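Asker: Sequence:
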Amino acid sequence: MSNPLLNVETLTGSSFVNAALKAKCPPGSTFVSKLDEVINIALPLTTSSDSSLNRGDVLEIQGPSGAGKTELLYFLAMTTILPFSVTLNTGSDSPEDVVLYLGSRGKSVVVCDCEGRWSMRRLHHIMEILLWQRFQDAFPEMDPDEEMMAMQLQEVLDEALGRIHLFRPISSGSLAATLHMLPHYHYTKMQDEEICMLMIDGVSSFYWQDRWKVESTTGNVWKSPSYATAGVVRSLQSFRASHNPVTILTNWAISPLSNKSHFFKQHLPPPYPAPFETAQDGTPAPRTSPLEITHHITLVNPHHHSPLSRHESLPDDSTTIADPNEPITIQGIVRTPPRDVAETIINHFEFRVAGAGVTVVPLAEVELPIEEAQIERTIEEAASPDVY
Numbered sequence: 001m002s003n004p005l006l007n008v009e010t011l012t013g014s015s016f017v018n019a020a021l022k023a024k025c026p027p028g029s030t031f032v033s034k035l036d037e038v039i040n041i042a043l044p045l046t047t048s049s050d051s052s053l054n055r056g057d058v059l060e061i062q063g064p065s066g067a068g069k070t071e072l073l074y075f076l077a078m079t080t081i082l083p084f085s086v087t088l089n090t091g092s093d094s095p096e097d098v099v100l101y102l103g104s105r106g107k108s109v110v111v112c113d114c115e116g117r118w119s120m121r122r123l124h125h126i127m128e129i130l131l132w133q134r135f136q137d138a139f140p141e142m143d144p145d146e147e148m149m150a151m152q153l154q155e156v157l158d159e160a161l162g163r164i165h166l167f168r169p170i171s172s173g174s175l176a177a178t179l180h181m182l183p184h185y186h187y188t189k190m191q192d193e194e195i196c197m198l199m200i201d202g203v204s205s206f207y208w209q210d211r212w213k214v215e216s217t218t219g220n221v222w223k224s225p226s227y228a229t230a231g232v233v234r235s236l237q238s239f240r241a242s243h244n245p246v247t248i249l250t251n252w253a254i255s256p257l258s259n260k261s262h263f264f265k266q267h268l269p270p271p272y273p274a275p276f277e278t279a280q281d282g283t284p285a286p287r288t289s290p291l292e293i294t295h296h297i298t299l300v301n302p303h304h305h306s307p308l309s310r311h312e313s314l315p316d317d318s319t320t321i322a323d324p325n326e327p328i329t330i331q332g333i334v335r336t337p338p339r340d341v342a343e344t345i346i347n348h349f350e351f352r353v354a355g356a357g358v359t360v361v362p363l364a365e366v367e368l369p370i371e372e373a374q375i376e377r378t379i380e381e382a383a384s385p386d387v388y
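The sequence shown begins at 1 in my numbering and counts up by one.
Just so you know, nobody snuck in bad clues.
In silico BS3-like pairs for lysine-lysine, Cα to Cα no more than 25 Å straight-line:
id	residue 1	residue 2
1	K223	K265
2	K223	K213
3	K213	K265
4	K189	K107
These aren't lab readings, by the way, just hints derived from the structure by calculation. Keep in mind it's a predicted model, so treat the numbers as computed, not measured.
Turn these sequences into a full structure, and let the hints guide you.
Answerer: Structural data, given as structure tokens:
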């Protein structure tokens, strides 16, 4: 007689905890209200008004240089590492401490900065502005001791920035190795922290380097560097399976689908995912990949140039950052592959970027980034060969 216990699936302690957290403790929202709204529309069965994100989600952000990809990452990182609330002694006439509610997660973020442009000084700057602004909004009549407040807020910032774990890989192999060793790093260096988000800023940064290696060793200019992509995807998928973070990838936008399209072809070779590819006859034929994209976000520059290039590699002196009173509006198109519903859902959102970082655009102010007729044409183009 066979032992029924042999058919019971076994899990490590870490995997069991992560599986329980995935089911009972979702990571929350993006804090970009319109983005949360369109995600909830696209995934009505697996999201809620309290959490538009699920553990294990993969978001890909694609756009031209200067479109605001890294700025959006700063915003998502900030709202993850800051605490839900802080208690402050204002040093004013009131002897009681005040509680400032931020609503953030107070969890950790791992950043793989493949382009070497991630600026902790920039992140500190926009977090500092946010804290002061939140305090002034919450207690407009209070006249605090600014020096005492500055010291306390700096302590909050220092603690929050300690939850950022920054790596700078220098090749696809280095990126794959970094992802492969993250479980060990988490166990030895972050025992009391939960990795809520994994950000790979510039997942295609080594694309040309990998192509040159293939061409120089094989002499074949048409052979794609799939081996390099495979190592990254394999290591990333392994870490996602064990830790279930929300994974956010930023990707270059190299070849537009057409002269009038806001979408771009996927230039990274298999097994990198391309969920919107189709066959020659126009039927959906998503590229097979162990890594599934939950949402793809294309950032659209309405002025057709790169106004944010000054933010792409911000100088250490934060005083040279753009005037906060002159924000630039960035529009995003969100595509969600079929999951809760049987078709690809396409919608849009907006945010603004200035010296103070990302500002969420109120829902009432959001405008379509393109004409309705062009949206229909864009959807049709999503069914053409080689689309991504």
